[in-house]
Amino acid sequence: MYFESLAAAWYMDGHGFYVWLAYALTAIPLCFMVWLPLKRMRQHWRWIQAEQRRQAAATATEAGI
Amino acid sequence: MWTIIHKMGSPPWFFRISGVLVRWLLPITVMLLVCGALWGLLVAPPDFRQGNSYRIIYIHVPSAVVALAGYYVMAFAGAVSLIWRIKMADVTMRAAAPVGAVLTAIALVTGAIWGKPTWGTWWVWDARITSMLILLFLYLGVVALFEAYENKTAAARACAVLSLVGTVNIPIIYKSVDWWYSLHQPASIKFTGESAIDASMLYPLLLMIVAFYCLFAVAVLLNMRAELTWQHREAGWLRQIVSGA
Amino acid sequence: MQLLAANQVAIERGERRLLAGVDLSVSSGDIWQLVGANGVGKTSLLRAVGGLARLGVAGEITRHGTMLYLGHHAALKHNLSALDNLRFHPACDVICSDEDIISALAAVALAGYEDRPIGALSAGQQRRVALARLVLSSASLWLLDEPFTALDVDGCAWLEERIKQHVAAEGAVIFTSHQPSRFGELQQNLDLAAYVV
Amino acid sequence: MSYSKTSIWQPMSSEVASLSIWGAFARQFMRHCKSLVGSPADAINPLLFFFMVVTLFPLGLGPDPQRLAGMAPGILWVVALLSSLMVSAKLFASDYEDGSLEQLAMAPYPLAVLVMGEVAAHWIATGVLLALVSPVFATMLGLSSAALPTLVASLMLGTLSLTLIGAVGSALTVSIRRGGLLLSLLIIPLNVPVLIFGTTAVSEAVIDGNTVSWLALLGGLALGSLALLPLAIGAALRVSLDN
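Residue numbers (numbering that gives the first Met the number 0), protein chains in the order written: chain P, 0 to 64; chain E, 0 to 244; chain D, 0 to 196; chain A, 0 to 242.
With the rest of the complex left out, here is chain P (with noise of 0.2 Å):
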C-alpha cells in the first residue's frame, strides 16, 4: 500500500474529496445497471408463476365440474 495510514488514503495530499467522489459516482450507477435488469427479470419470473398458478387454477375447476 502506497499510504501510510487510511487517513492519508482519505486525505490523499489534498484530493481525496475529487477521487472519491468520481469513485462514488461511479460505482453507483454501476450498481444500478447491474440491479435493474436482475429486478425486472425478478418481476417477469413473477409475473410467468402467477399466469401458471392462474392457469393451473382455471384446468382444476375446469377438471372439477
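Derived from the structure by calculation, the hints contain no laboratory data.
Using N, Cα and C, we set each Cβ at its ideal position, and we do this for glycine too.
Some hints could be false.
Stated by the list, open to error - Computed cross-link-like contacts, DSS-like style, restricted to lysine-lysine with a CA-CA straight-line distance of at most 25 Å: (1) K151/E / K86/E; (2) K38/P / K86/E; (3) K33/A / K89/A; (4) K38/P / K151/E; (5) K151/E / K89/A.
To be verified - In silico negatives: residues of chain E with every beta carbon more than 12 Å from chain A: (6) P45; (7) V64; (8) A111; (9) V123; (10) Y148; (11) D177; (12) L206.
Knowing the structure of chain P, use the given hints to seat chains E, D and A on it.
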C-alpha cells in the same frame, strides 16, 4: 459458423448459455473491479505532476474505452439485424444502448471531477471530453428513437440504421474535434503524455479496462435476459424453466 | 396468367400477431375482395401483398407484373394542380402526355379542373383525382384500399365499371370494402376471419 | 358533371413507355420544385429565421464591431445549422401524411434514388439559397469581405451534407408524433464535423490562411454523404412506412 449464428438466434439456447455465463462472469467482474479499484486507489504510486488526483484515471479511461467499443458492438448488432434479420441481434442492440450511455456519462462525470484539481475548473472543452459528450448524444439518440417507436420491430430497424450512420461518423467526429481543439488549444492547459505512464500505474489500469469490459458484457447479458423473459413469457420452454426453478 | 401468389403468409405488428396461414392466388381476370371486421388486418394484408409492409410479414409472396396501390391517402400535393399531381405522380409508373391526363380527368368528371390546385377541390373531387390514375396506369394488378369511400353514387358506378373493364383487359383487382359483394358473380371473397390468430 | 361511360377500355397511347432511372429522379425533383414554387414560404422561412437569429447576436453580445467580426464565422455557421435543422423536420412530413411516400415505395425504382430527387430540390431551395444570401448577413456582422467567397463556398458544400444528414433524421422520425426534439438529438451530433470544418474554413479565410484544405474536407464530407446516406434514407423511410 452458420450453426453458431443459428444457435445464437435461438432464445432457449441463448437463455441457457447466458445463464451459465452470467453466473460465472458476475462474481469475476465484481472481483476484478474491487481489486483494480483498490490497487489504483491505494497501492499505485501518485503521479509526479498531478499527485493523487490522477487516480481517477482508473475509472475514467476504462469507462471511456468501453463506452466507445460499446457503440461498435451496438452498431454491429444493428448490422446483423439488418442483414440477417435475427431477432436476437435486435435484443442485443437494445440492451447495449443504455449500458453504453451510462458508461459514457460516467466517463464525462469523472472527467469533469478530474478537471477540477487539475485545471481548476469543472468543465473544459477538451477534445476528448467534447468527443465523449457527442458520443453521449449519439447513444441517447438511439435510446430515445427506440422508445419513440410504437412498433418495436420497426424501432429496432430504425435504431440499426441510425447506429450504422453513427458508426461511420464516429471516426470523422473524433478527428474533426481533434483538429478543432488543436486549433483553439489554450496554452495554459497541459497534459501528461500517456506514453510516459509507468508500469506500476499501467497494470491496474489494464486490469480496470478488462473489468469494465466484463461489466459491459454482464450488464448487456442481464438486460437481454430480462427482455427475452418478457418477450417469451407465453413460450413453453421459458415456463418450463420457471416452474423447474 | 398468375399475377400474385401468396403462400402461408403470416402478419404481425409489433408483438401482436394478426393473421397466419393466408393463401391467395390472383390471376388476370380476378376480382378479390378482402372481407373482415375492423382491425382484422385487411389493410395490413393489402400492404404486405404490395410489398409496402415488410417487417413482421412471414411467408412467400411472389409478384408478377406491375402493381398499383391506392391507399387511404391520395398522395396529392395540395399546392399543385391536378395536372401536375398526375404528371409528377410519385409512383412514376407511366409517362403520359398532358392530353392523356386531361382526358383521364374528364373520365372522372373533372373536365376543366386540371389547373386548379388540389387544395381548392372538395374531398370527393380529390378522391376522384386519385382515381384518375386508374385510367392512366398500365399496372396489371390493382390494390385498392377502401376505394368506394367518399365517392357519390355516380362515382361508385364509374369505379365498378372501370374495375370490370380492367379485369376484362387481363388485369386483376384486390380491394377492401365494407359493403359485401359489389361485383356479385364476378368477385371472390377472402374472409380474413378464418386466418385470425 | 358526368362520368364518361366508355364501354370499351382503350389503352392510352404512351402508357407502355417507362422512365429511365434518371427520368424518375428528375420527375421527383420537378415535383418538389413545383411544390416549392407553389408555396414559397418553405424556402423563404429559413432565410427569415437566419436573418432574425443573426439580429439577436449583436443584441446579446453587444454592438462592438471588432468582437462581432471575430465571432461572425461561428455565428453564421451555427445559425445555418439551426435553420437546416428546422427545415429538415418538415422534409418528409407532408409526403408521409398525404401518402406520397407509399406511392414512392411502390414505384418500380429504388426508393433511395426517387427520394434523392426530393432532397436535391430541398437542398437548392434551402441550402444553396441560404449560401447565396449569406454575404448580406455576414456583412451585417462585419465579416471581412475577403472571407465572403469562402463563406458562400463552405455553406454551399456544407449544407449539402447538412441536408442529407437532416434527411436521414427526418426519415427516421417521420412516423413519430412530436418527433421534432428527437430529430435534433439524432442529427446534431452527426452535424458536428460539418460545423467544425465550415467555421474553420471561414475563420482561416479571415486571416488569409489555408482555406482550400478545409473546403476540400467539406467537399469530401459532402461526397461521402452523397455516396452513403441515400441508402440510409431509403432504408429509414421503409422502416417508417412499417411503423
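Status of the hints after comparison with the structure:
1. K151/E / K86/E: With a Cα-Cα distance of about 11 Å, the restraint between K151/E and K86/E holds, given a limit of 25 Å.
2. K38/P / K86/E: The hint holds at about 23 Å.
3. K33/A / K89/A: Given pair K33/A, K89/A holds - Cα atoms ~17 Å apart, limit 25 Å.
4. K38/P / K151/E: Holds, at about 22 Å.
5. K151/E / K89/A: With a Cα-Cα distance of about 24 Å, the restraint between K151/E and K89/A holds, given a limit of 25 Å.
6. P45: Fine: 36 Å to the nearest Cβ keeps P45/E off the interface.
7. V64: holds, 19 Å
8. A111: holds, 19 Å
9. V123: holds, 17 Å
10. Y148: violated, 6 Å
11. D177: Answer for D177/E: violated, closest chain A Cβ roughly 10 Å.
12. L206: holds, 32 Å
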